[in-house]
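**Student:** Here are the chains, one letter per residue:
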Amino acid sequence: MSLNLRFRSKTGAAALAGAALLVGALGLGRAALAAGQNDAPVKGGTLVYLEQQPHTNLYPPAGGFYPNGGILNQITDKLTYQNPKTLEIEPWIAESWTVNADATEYTFKIRPGVTFSDGTPLDAAAVAKNYDTFGRGNKELKLPVSEVINNYDRSEVIDSRTVKFYFKKPSPGFLQGTSVIGSGLVSLATLALPYEALGDATKIIGSGPFVVASETLGRELNLTARKDYNWGPAKLAQQGRAYLDSIKYVITPEDSVRIGALLAGQADFIRQIQAYDEKQVEDEGYRIYAPSTRGVNNSVVFRPDNPLVADVRVRRALLHATNAEEIVSTLFSDNYPKASSIIAKTALGYVDQSSKLAYDLEKAKALFDEAGWKPGANGLRQKDGQQLELTAYESLPQPQNKETLQLIAQQWAKVGVKLNVLTGDSGTATVNNLDPSKAPVSPAMVGRADPDVIKSQYYPTNRNVLLQKGGNSDKVKSFVDDKLNALLDNLASEPDRAKRLAIAGDVQAYVIDQAYAIPIFEEPQAFAAAPYVNGVAFEAVGRPSFYGAWLAPH
Amino acid sequence: MSRYLASRIGQALIVLWAAFTASFILLQALPGDAILIKFLNPELGLGPEQIADIRASYGADIPLTAQYLHTILNFLSGNFGYSVQAGVPVSDVLAASLPPTLRLATLSLLVSAFLALAIAALSALLPLSWLRSFVQSLPSLFISTPVFWLGILLIQIFSFQLKLIPVINPGEWQALILPVLTLAIPISAPLAQVLMRNIDDVMTEPFVAVARAKGASRSWVLWRHVARNAVLPTLTIAGVLFGELLAGAVVTEAVFGLNGIGSLTQRAVGNQDIAVLQALVVFSAVAFVLINLVVDLLYPVFDPRLRITGAAA
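Chains as they are written, first to last, in this note's numbering: chain X, 1 to 554; chain U, 1 to 313.
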């Protein structure tokens, strides 16, 4: 009996010890992996990157579309580099620059020894040609103008390493504009191609750390590292070639397959992971990156040309009837911070407006009553025989936009306003979104880490989200806000930095006071990565940069 | 025979022209267009004069009849225009999408034909009646299976859990195993159903009773006598299904990340990429016309009674 007990206890002890060893080994293994992340970068390897949609046209100013930006950011360099943490502009292809007092003349000194991947030099002449195209467009080749370059007049090549740009009006946002995705420098041969042929990635020749090796349209893209690359952003320690040998982009439209492939070890890095999938990934020890896009927040804007929302009290009432906290906590995760102004907290010139953005149903109802909109028999507010029924078209690129609008519709129903959320296919939605009578409410967001982004969003000749007269819509009857436009003009042309940021604060306060927009959350771009992927950086607006990326042994 | 072929080709050309014209008119009637969608895209942030310039340079405002003649002449010379969305010539996009779809469609049809034959044969030859009933209910089960669910399930089990087949970056033929299975199962259902009904019908014919009386076994009767008769209507259905497969298996391609005609069509529709859509309509019309021609030519091969003889005329 005692022998058996001892035997049993011995096996029991052995089993326990074995289990402890196993757990210890696993723990050590995890620790080893964690330790490996701080070691020196490992050279070589292929990063498998799963993208949700195929790229479209790769003309650099069209790089705003995330799949395009993800590719352009690896194969092109920019004149300057915007530090993602401090948002300061640092030298890259341009070693140094001078700006005249009223920001109408910019002179850049180009770094020597830079070449495009086809061997042609990236000198002042090439830079001049690039910016002539981005700034003025090219009618014969149908190349459109870049959104970030305003009032461009001409360039002047002073010598092989110096180029000067002239502007018709002060352009303080130009310096930041030289660092954005849309200003990637491409070779003269690329600039000679017609716009409609720039969808072939192998034809885009840049000077970046990676080069397009091959492409299967709509399925995958292969980038290989450029061995003679030697001109990283000036303040980075790494200057030479990228650590990775190659990157493989694979188009995987289905969310569950993308995430499953990452977790099963078939992919290393994926873009676009929805808030509701984040937990599954984090539970497995994989990393979520959610860099902010640092621009205008994901919000819902009004088209005051439509008489239903022309009254500022109606707009203010709807603003107070929207519970952004509920939207963020129900639909999204911690990576999607609630908005406290029309631009992100991390954006330049941000001023906290949260005191004006309170969720207050009583205040909303009082404002409606004051404006003459009384609840009718069916619960909907009415005035002069008209019901307060609004329409919005979902925006496909924004995350869970349909669900957000539906939740807003539920919230507005509590104060007696009906919001119809329509999905149109791109054709009908695009056309109707330009008509204030058809789309009095619209989702809106734009990413750019410069105060000019506010002008980009609201100015009539830019994106014109409020649909003012004089812009891209011919359906607008009369709405124009001269005070707003004057503020935006000043914002884009004030050369003094402190004054410019102050104007940005004024614009934010004005837009919120007029309740033109209801900001909801600060939109990030969500990526997920395997634990052995290190060194992935994100430029100021959340595009990945794989220049410094490396794969730990796994 | 040559007269027959000539008249069929003539009919085919008329069908193609009608499909082209109908789609041209319908596509032009849609609100907005690819140019508008692409350049009004907020990512580009273009102003109104710039967009007007671009539209003019794309010839968006030329009268409809001139555009029609221009397009049809281009088609005849093999120039399908540019995809506004993808930024490459339409012929490039088609050339990239066609091979995956052809492989997928052909293999799926073959596998589903095999499945259908197996189901039909089993339902005719199995000894136990409850087994036969079970097999006969399989087509209903197969057709009710949602394609996306089946595809994702197969990926989760075979690729992610069992790690047998990689879904990302697989070999050329490895890539086809799971999608073909996903497509073949629902496609085999109508084929199996029609085949089973026809076998049942033919089995009631007098000549079958004679053959059995002479001592032939059930399977001999099935394969030697009944099969060729039962196959004809199945052939027509197979032709229609093949045409649909060629037109693109949108859901399967989305789930498996294949760049076939299906995902091309979906993107083109979403972006109203008219040049691509026009080319796709003509391609689908050509595919159906050819398949119908092949099926019609195969009928006499299976059924000697249908062979056109001088005496019959």
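Keep in mind the hints are simulated off the structure, nothing from the lab. Some hints here could point you the wrong way.
Lysine-lysine pairs mimicking DSSO-like chemistry, simulated, CA-CA at most 27 Å apart [unchecked claim]:
(1) X:Lys499 - X:Lys438
(2) X:Lys383 - X:Lys365
(3) X:Lys248 - U:Lys214
(4) X:Lys414 - X:Lys169
(5) X:Lys383 - X:Lys477
(6) X:Lys279 - U:Lys163
**Student:** Could you run down the list of hints and mark each one as holding or not?
**Tutor:** These are the hints, each one checked on the structure:
| no. | hint | verdict |
| --- | --- | --- |
| 1 | X:Lys499 - X:Lys438 | violated (39 Å) |
| 2 | X:Lys383 - X:Lys365 | holds (14 Å) |
| 3 | X:Lys248 - U:Lys214 | violated (67 Å) |
| 4 | X:Lys414 - X:Lys169 | violated (48 Å) |
| 5 | X:Lys383 - X:Lys477 | holds (21 Å) |
| 6 | X:Lys279 - U:Lys163 | holds (23 Å) |
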